[in-house]
Amino acid sequence: MLSQVEQRVARRIEGVLGTPPGAPTLDQWRVLELLADGAGHPMTEIAGYVMVPAPTLTKIVDRLVDAALVYRRVDDADRRRVLVFLSDHGRELHGRLAPAVQEVERDVADELGGDDAAKLIDLLSRLAQRLG
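Read in UniProt numbering, the sequence shown has 119 at position 119, and its numbers run on one by one without any break.
Mixed in with the good hints there might be a few duds.
[Said to hold, decoys possible] Derived DEER-like restraints, expressed as beta-carbon distance ranges: (1) R80 - A118: 39 to 47 Å; (2) R12 - E45: 23 to 31 Å; (3) K59 - R81: 27 to 35 Å; (4) V82 - A10: 26 to 34 Å; (5) M1 - D115: 25 to 33 Å; (6) A54 - D115: 32 to 40 Å; (7) A118 - V82: 36 to 44 Å; (8) D62 - E105: 38 to 46 Å; (9) D76 - L127: 32 to 40 Å; (10) A109 - R63: 27 to 35 Å.
None of these hints come from the bench; they were simulated from the model. Every residue gets a Cβ at the ideal spot worked out from N, C-alpha and C, and that includes glycine.
Could you put the whole structure together from the sequences, leaning on the hints where they help?
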């Protein structure tokens, strides 16, 4: 059941992200969404957030780098680690698409109603914590 809901929500979000060349995929969007906080993030953290294996994330980030939406930089605190940052172009794209994605998320929550949506988020958060 959760997979069905996730797929339906994903299709709605993909619809607002667009399909022309240069439009981000859903996984690319998830990377941009995480990086929009302005901090650099290590690949392992991004992989966990996007829920993809490391080799897949490398391909996703490579495409985002090629599109000048993100860039990699060696972590000053640990030279063995690479951080990924949102570029100015990526920040502009995120700023343009985020309101439409947030509207989809609000519409989905509205399908349940405020109280039920809040309960569902709480239950899923607790389940995720327990499952590790």
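The hints, checked one at a time:
| no. | hint | in the structure |
| --- | --- | --- |
| 1 | R80 - A118: 39 to 47 Å | holds, 42 Å |
| 2 | R12 - E45: 23 to 31 Å | holds, 26 Å |
| 3 | K59 - R81: 27 to 35 Å | violated, 20 Å |
| 4 | V82 - A10: 26 to 34 Å | holds, 28 Å |
| 5 | M1 - D115: 25 to 33 Å | violated, 20 Å |
| 6 | A54 - D115: 32 to 40 Å | holds, 39 Å |
| 7 | A118 - V82: 36 to 44 Å | holds, 38 Å |
| 8 | D62 - E105: 38 to 46 Å | violated, 28 Å |
| 9 | D76 - L127: 32 to 40 Å | holds, 37 Å |
| 10 | A109 - R63: 27 to 35 Å | holds, 30 Å |
Checked against the numbered hints above, the structure breaks hints 3, 5 and 8 and satisfies the rest.
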